[in-house]
Amino acid sequence: MKHRDLLGMEDLERADIERILETANHMREVGERDVKKVPTLRGRTVVNLFFEASTRTRASFEIAGKRLSADVVNFSPSSSSLKKSESILDTARTLDAMDPDCVIVRHSVAGVPKCIADVLSAPVINAGDGAHEHPTQALLDMLTVQQEKGRIDGLTVTIVGDIAHSRVARSNIYGFRRMGAEVRVAAPPTMIPADVETLGVKAYTSLREALEGADVVMALRIQNERLVGSWFPSVREYSATFGLDRARLRFAKDDAIVMHPGPVNRGVELSHELTDDRSSVILDQVRNGVAIRMAVLYLFAGRQRGRAAAEETRP
Amino acid sequence: MLDPASERDEIADVLCVDGRIEAVGAELDGRGAEIFDAEGQWVAPGFVDLHCHLREPGQEYKEDIASGGRAAVAGGFTTVACMANTDPVNDDPATTDFILDRARNDSPARVYPVAAATKGLEGKVMTEMSALLNAGAVAFSDDGRTIMDSGVMRRVLEYSRLVDVPIIVHCEDRTLVGDGVLNEGAISTRLGLPGNPAIAEEVHVSRDIKLAELTGARLHVAHVSTAGGVEEVRRARERGISVTAEVTPHHLTLTDEAALGYDTSTKVAPPLRSAADVAACRAGLVDGSIDAIATDHAPHAQHEKEQQFTEAPHGMLGFETAAAVSLDLVRRAELSPLEWVRRLSLNPARILRRPGGSLVPGEPADVVVIDPEKRWVYDTAKGHSKSRNSPWAGQELTGRVTATFVEGKLVFHVDRGVLAP
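Those protein sequence lines, which keep their order, are chains P and U.
1 is the number of the first residue of the first sequence in my numbering; add one for each residue after it.
1001 is the number of the first residue of the second sequence in my numbering; add one for each residue after it.
Since the hints were derived computationally from the structure, they do not count as laboratory data.
We put the CB at the ideal spot given by N, CA and C, even for glycine.
Worth double-checking, as some hints may not be accurate.
Example chain U residues on the side facing chain P (calculated, C-beta under 10 angstroms, incomplete) [what the hints assert, rightly or not]:
| # | residue |
| --- | --- |
| 1 | T1189 |
| 2 | G1261 |
| 3 | H1303 |
A few chain U positions that, by computed beta-carbon distances, are all more than 10 angstroms from chain P [said to hold, decoys possible]:
| # | residue |
| --- | --- |
| 4 | Q1059 |
| 5 | V1163 |
| 6 | G1192 |
Here chain P stands alone, though its shape is the one from the complex (with noise of 0.2 angstroms):
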């Protein structure tokens, strides 16, 4: 791997994408035995630094962790004593003094993780932050599209949903985008963020269009009941408009697969039959992403110990 750190897909080459799907492959087997550990990282310590609720993906990564045998243990600063007195890079300083091989974290508020990293002598791997990145969300889609299609070069992949408000959208449209696949993005105007097009997407604010050669849809989470009012109307004529249905889909190639980052909003995001009639994709999302944080475990926490290596290896 290029970086220390895993912070965003925008830092990832194509070669580092192919490394980490390929040794998910791998992991992923190891998901598929009676005994499903092997001795891998024995001996290190992998902290979930989680400032933001999350039970999917902290037990995703703590799950990938203990099947490599590393040492796991969860943070959750946010419900414990760190209020406004201690600063983030305190909390990082004090995190950083007891010697942990690799710091997963998420936090609301985007560019968290880069200034831990900042601070911190073990690799960092961002595990969302605000609406910037979900780098491992995007890796473990991208692991889903290419056993389902067996490749991503080529392929025309339509992201529908809150794109503005979306760290799985901008992970996934770098991700996609550098594996050679076109990416589109489908969204009222008030959800399409400013200059989307400098990520290097086309953006819809027809989804009839935006489906149309479609060979991958994926539905975004209407998360932020906040949202309603003030970036559209109401959940109803969200679902009336962007919602995807059996009838919707039939505007995307007929082999299409479609696809959410989980939990599904049913009857909102995709219609209770879509979810019901790709609820396989949907959970082998799930457990590909088991595989994928392994995999980026493995090559961001396993290659290097202690403070005078990542010393040696810091820009």
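Starting from the known structure of chain P, fit chain U onto it as the hints suggest.
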């Protein structure tokens, strides 16, 4: 010697007697006088800053009038106008009096308090402008607590005609800013941070200009940052409306790309904008649509700036880097040295209608000496401010203030540091 008031750019001596400029000319008789050799450097009227935050009273952990005054003279500013967002707010004569008293005793730079336009900066009840003026306030402003209520703003402007001093406005429509923390555009999209659109400034400049036209008040637009904002001011001036404007060194030289590493020292209000906006601000400063360079010196403690980008407070230090940073316009031949000095000294003094900014005999002997070629590294730990929040920290800059005089007295020398009080 560079004196915009007399349009002089020549090699000359400057003689000061009893704190005033006595004579300016070649080969003056210096017998009996103390000689300061500034050969090969620029000698100019001391800089006048229309916009800074000295944090006293109430936030002395960030800055106080003494440290702010020292940083000011180290940057060549002999006069600074400080904003009212202290704790308590400078909205009554006692606080204005306190600031002036502190300044007299502690600050090597002259300090002009800008009082609040409304009580508590709440945008509701106007302050006692006449009493504040008598206490020493030079202008009124709610600065970053932009007055959103257009009815209140109208009355503030209308009433200010009684005292005939500028109303300084920080033009950002707060409803359009929303939770935006950096310029809305490709960079905010890439960083995943909420954007603050240029239109938030443009519509507000437009509103305040309309109200200034209606009321005949003296409007001063603080830190213009957008091409649209510059254009609004330019058109208003063409139409003869009484409006002046300032721009900061950072809005003249940095774009939103400076925030790419999530460096919170680049978080300011209004935010750093696009390259096109920077070009428009520079053009506006050159063609006179924008009168002055003002620092918006805004110290914050390190622990405050070490928060996540959305939580960190707005603002960066300005005094000690303003000259070097804004000299970029001279180096790129956009401004002559004389015109650059005019925008840092004479023009701001004229906006406040105060003496200074001039080397004409009889004026206060506030003088700055600048070595425009000197290369130096800005070490915030050795700087005079109590805070360190500068995007230029640790960088090599070109052009340095080497000496500053206030009323004929040497208050800063580059090798000896701040000398008084």
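A quick look at each hint next to the structure:
This hint holds: U/T1189 has a C-beta 4 angstroms from the nearest C-beta of chain P, less than the 10 angstroms allowed. The interface hint given for U/G1261 is met, as the beta carbon of that residue sits about 7 angstroms from the closest beta carbon of chain P, less than 10 angstroms. Of the supplied interface hints, the one on U/H1303 holds, with its beta-carbon coming within about 5 angstroms of a beta-carbon of chain P, less than 10 angstroms. No beta-carbon of chain P is positioned within 10 angstroms of the beta-carbon of U/Q1059; the least distance is around 16 angstroms.
Every C-beta of chain P lies more than 10 angstroms from that of U/V1163, the closest at about 40 angstroms, which supports listing it as non-interface. Remark: the non-interface label on U/G1192 conflicts with the geometry, its nearest Cβ contact in chain P lying 3 angstroms away (cut-off 10 angstroms).
Of the hints listed earlier, the one the structure fails to meet is number 6.
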